[in-house]
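Residue numbers 69 to 405, in our numbering, belong to the letters of the sequence shown in order.
Since the hints were made in silico from the structure, they are not lab data.
Model, not experiment: these values are computed from the prediction.
Hints are not guaranteed to be accurate.
[As the list claims (entries may be wrong)] Calculated lysine to any residue pairs in the SDA-like style (CA-CA distance at most 25 Å, straight line): (1) K174 x Q117; (2) K389 x D256; (3) K337 x G306; (4) K200 x K174; (5) K130 x E388; (6) K272 x Q140; (7) K382 x Q95; (8) K238 x F310; (9) K207 x Q245; (10) K155 x Q95.
[As the list claims (entries may be wrong)] Distance windows between CB atoms, simulated: (11) E252 x G343: 21 to 29 Å; (12) E403 x T94: 27 to 35 Å; (13) L316 x T279: 27 to 35 Å; (14) Q117 x G392: 23 to 31 Å; (15) A98 x N131: 32 to 40 Å; (16) C138 x K85: 51 to 59 Å; (17) R168 x D385: 26 to 34 Å; (18) K382 x L205: 39 to 47 Å; (19) K174 x P348: 43 to 51 Å; (20) Q117 x M384: 27 to 35 Å; (21) T279 x L205: 15 to 23 Å; (22) P348 x K116: 41 to 49 Å.
Just so you know, even glycine gets a beta-carbon here, dropped at the ideal spot from N, CA and C.
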Amino acid sequence: MWGFGRKNTATPVKEWKVDDSKPIVTQTFAEPPATLEHSPEYQEIEKKQHEKIYEEVLYYFKNTELYPVCEQNCPKSDYKPLNTYEKAWLSKQCLLRYLRACDWKKEDAIKRIVGSIAWRREFGIAGGEFDKITSDLVKVENETGKQQVFGFDSEKRPCLILLNGRQNTKTSDRQIQHLIYMLERSIDFMPQGQDKLCLCVDFKKYPEACTYEPKVPAVGVGKAVLYILQYHYPERLGRALFINIPTLVNIFLKICWPFVDPYTKQKCKFDEPFGQFITPEQLALNYGGDVNFEYVHEDYWDDFVAKSEEKRAKIMDNFEKKGGEIGMSEWDLREGI
69 MWGFGRKNTA TPVKEWKVDD SKPIVTQTFA EPPATLEHSP EYQEIEKKQH
119 EKIYEEVLYY FKNTELYPVC EQNCPKSDYK PLNTYEKAWL SKQCLLRYLR
169 ACDWKKEDAI KRIVGSIAWR REFGIAGGEF DKITSDLVKV ENETGKQQVF
219 GFDSEKRPCL ILLNGRQNTK TSDRQIQHLI YMLERSIDFM PQGQDKLCLC
269 VDFKKYPEAC TYEPKVPAVG VGKAVLYILQ YHYPERLGRA LFINIPTLVN
319 IFLKICWPFV DPYTKQKCKF DEPFGQFITP EQLALNYGGD VNFEYVHEDY
369 WDDFVAKSEE KRAKIMDNFE KKGGEIGMSE WDLREGI
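Go ahead and model the full structure; you've got the sequences and the hints to work with.
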């Protein structure tokens, strides 16, 4: 998502660290290890008045038949009913995340959720006829492994690792599509009880996997991505770690910082080692962990996609078997994941 500068034609020097004397790991982990003691639990409703507000929001979505298919100026004649995937997405925890993000203001939460339904349809991640952002569409973006879902942090959050220094494509809408695709797959990997991810951003340049010089994105692009993450993925960020930050990126982050909401700001850590938050058995040797991991696209991608599809299929199977209703608990939906 960070764009590109000139094409890199220099002879690459390998910067990603592995132990060549030991077997190389090239595929992602399907679930967190049993050795992680923390058992995540969803944040529930704590106040009686909030219970009433939640029930009113739930009633709205159970009793509203048609929804817009785009965010802006959608004609009523184009509105469509929710598909099965959208109903599963409208879980109890989903509604609560939006309510908390809107400070328990019912009308604001309803408006925001409807806006997210419209955005997800327009963007192409709402399932069924709205499922347009596919693995085949974005896989070229990940040929150098510039984004990786790999490992779980100490609280069993899946880790989405962004590596700007492995850039391989020109700036395009597909880069944003790729980011959202990987974000959605990170959500697939969340185990039962967990609804947040650990975002790990490494700005170091890896010449052996960088075919375009990394470039700081335009502020407008950064703000657009930030809007998507904050508005349409409320309370999904459990932790954000940034390392190897060059001067220009640091300036860019300072420019964008005022647009970051307080909830997100408190989750951010700068230039603190990943190993402070991720156990060695879940962290690549390159970052001081014990996993001798190296990204090999042919080994990683299809296996990663298959694992995420299996998890999504399990969620939908649970949804159908347990009643298929809006407002189901994600604890039930993610049983067996």
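Structure-based check of each hint:
Of the pairs offered as hints, the one joining K174 and Q117 holds, with about 11 Å between alpha carbons and a cut-off of 25 Å not exceeded. Of the supplied pair hints, the one linking K389 and D256 holds, its CA atoms being roughly 19 Å apart against a limit of 25 Å. Simply put, K337 and G306 have alpha-carbon atoms about 11 Å apart, close enough for the 25 Å limit, and the pair holds. With a C-alpha separation of about 31 Å, the suggested pair K200 and K174 falls outside the 25 Å cut-off, and the hint is violated.
For the hint linking K130 to E388, the alpha-carbon distance of about 16 Å falls within 25 Å, and the restraint holds. As the CA atoms of K272 and Q140 are separated by approximately 38 Å, the hinted pair breaks the 25 Å bound. The straight-line distance between the Cα atoms of K382 and Q95 is roughly 21 Å, inside the 25 Å bound, and the hint therefore holds. With a CA separation close to 23 Å, the supplied pair K238 and F310 stays within the 25 Å bound.
For a cut-off of 25 Å, the pair hint linking K207 to Q245 stands: about 11 Å separates their Cα positions. The straight-line distance between the Cα atoms of K155 and Q95 is roughly 32 Å, outside the 25 Å bound, and the hint therefore fails. Evaluation of the 21 to 29 Å hint for E252 and G343 yields a pass: the beta carbon distance comes to about 27 Å. A beta carbon spacing of about 30 Å between E403 and T94 agrees with the range 27 to 35 Å that was offered as a hint.
Between L316 and T279 the Cβ separation comes to about 20 Å, which falls outside the hinted range of 27 to 35 Å. Distance hint for Q117 and G392: a CB-CB separation of about 29 Å, consistent with the stated range 23 to 31 Å. Under the hint 32 to 40 Å, the C-beta atoms of A98 and N131, about 38 Å apart, fit the expected range. Under the hint 51 to 59 Å, the C-beta atoms of C138 and K85, about 46 Å apart, miss the expected range.
Take R168 and D385: their Cβ atoms lie about 29 Å apart, and the range 26 to 34 Å holds. Between K382 and L205, the C-beta spacing of about 24 Å breaks the proposed range 39 to 47 Å. Distance hint check for K174 and P348: the Cβ-Cβ separation is about 45 Å, which falls inside the suggested range of 43 to 51 Å. Take Q117 and M384: their Cβ atoms lie about 34 Å apart, and the range 27 to 35 Å holds.
Judged by the Cβ atoms, the range 15 to 23 Å given for T279 and L205 holds: they are separated by roughly 20 Å. At about 44 Å, the CB distance of P348 to K116 agrees with the hint of 41 to 49 Å.
In summary, the structure is inconsistent with hints 4, 6, 10, 13, 16 and 18 from the numbered list given earlier, while agreeing with the others.
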